[in-house]
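Heads up: take any position in the sequence shown, counting from 1, add 224, and you land on this note's numbering.
Incorrect hints may have been included.
[What the hints assert, rightly or not] Below are the DSSO-like pairs computed for lysine-lysine, each with C-alpha atoms no more than 27 Å apart in a straight line: (1) K478 <-> K416; (2) K501 <-> K286; (3) K478 <-> K501; (4) K312 <-> K272; (5) K291 <-> K264; (6) K289 <-> K492; (7) K531 <-> K312; (8) K350 <-> K530; (9) K462 <-> K478; (10) K531 <-> K595; (11) K350 <-> K595; (12) K312 <-> K462; (13) K372 <-> K462; (14) K372 <-> K355; (15) K350 <-> K531; (16) K501 <-> K355; (17) K312 <-> K492.
Please keep in mind that the hints were generated in silico from the structure rather than gathered at the bench.
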Amino acid sequence: MLEITNLRDGAVLNHHHGVETDGYLEITLEGMASSQAEVKVNGEIVQKCDRHFSAAVRLTEKINKIKVEASDYFGDRSLVLTVGWDKKSTRRYSFFIDDCVFFLRWIAMERPQSIFDERCFLGRLKDIHDKYGTKFLLNLFCRDDHHKDFTLHDMPEDYKAEFQANSDWLKMSFHADGEFPDRPYQHDNGTKMAADYDEIYREVCRFAGAESFMPPMVFHWAITNQENFHVLQERGTKCLAGGYIGSIARIGEKHAHEVTDIGYHYEKDVAYYIRSKHLFYDRFFDIFLLNNICCCNYDDIDVLQKKFAEIEEDRDTLSLMTHEQYSFPEYFNYIPNHLERIEEACRLATEKGFEPCWFSRGLLGNESWDK
225 MLEITNLRDG AVLNHHHGVE TDGYLEITLE GMASSQAEVK VNGEIVQKCD RHFSAAVRLT
285 EKINKIKVEA SDYFGDRSLV LTVGWDKKST RRYSFFIDDC VFFLRWIAME RPQSIFDERC
345 FLGRLKDIHD KYGTKFLLNL FCRDDHHKDF TLHDMPEDYK AEFQANSDWL KMSFHADGEF
405 PDRPYQHDNG TKMAADYDEI YREVCRFAGA ESFMPPMVFH WAITNQENFH VLQERGTKCL
465 AGGYIGSIAR IGEKHAHEVT DIGYHYEKDV AYYIRSKHLF YDRFFDIFLL NNICCCNYDD
525 IDVLQKKFAE IEEDRDTLSL MTHEQYSFPE YFNYIPNHLE RIEEACRLAT EKGFEPCWFS
585 RGLLGNESWD K
């Protein structure tokens, strides 16, 4: 037998999990082997007590391999774990907003003096940014399936300079061609996803400048074959957010038991781990996975306050999200206090010591490995 008991493949570790210096993160590895087995960790013999063993391991790279070997008269066994090191980690958060297209339609139709004259959504986001420094990533549809009279091709270039001037905190990204059909990439072979992504990228560059675009950390419904991840990775995506387990697809939905969904077809073992630890590195596809702490169109202010009160002390990353359409009175599911919920989430994150960043940069906003 050979088993690691305090760590799993895909764990992402930081200073909360060991002793960190400029050159390494030293953690303690614990496990079990047969009582007669000699155990080595990264080639060094370790001390055992009956079947239990432990060893100090130093992580020196962003992605590290830990090799554990056990040898006795029943044979040789080995196990290799891949774990990440979030070096010099600090508390940080991102905020992305899905299904965005209404605000661009309003600008195109009304032709205001400033993009922030739109007060249902974009103007209010600027108020929140000015107050808390929040950086917002707006994930775009190419067409408006509700009004059916607007696509990104109709967006004028008149506001390009203003988008560029605010691109340090306001960026746009790919989400899908449109809101319908649901789960547009569930059975895609990557061709449609690539075409839709590239079309939205071209349009954003045209009317807002390349500096206003950022690779996405989610797409519409977060369901596709994992073999399609390369489409996003080749375009700059480094992490993917999702629900993974127990997610609801619409307000009021109830489950008889927990199921994996809105999480890229991952199995329950990974889904449960992400719910518990919030962050996972998939070595098979070289991508980081994380869940969202909240979705503001589901979570009212009292729910947000409860969720933030329960944040663990060793948690350094928060992904906040919502959906644009709930901000607009003409939407059939309009939520009058939607922007108040968004602001409360940003306020609570700030109060807890989390600073805004772009998760698409570095290791979820931590650029220590890039320096």
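*Which of the numbered hints are not met once you compare them with the structure shown?*
1, 4, 9, 10, 11, 13, 14, 16, 17
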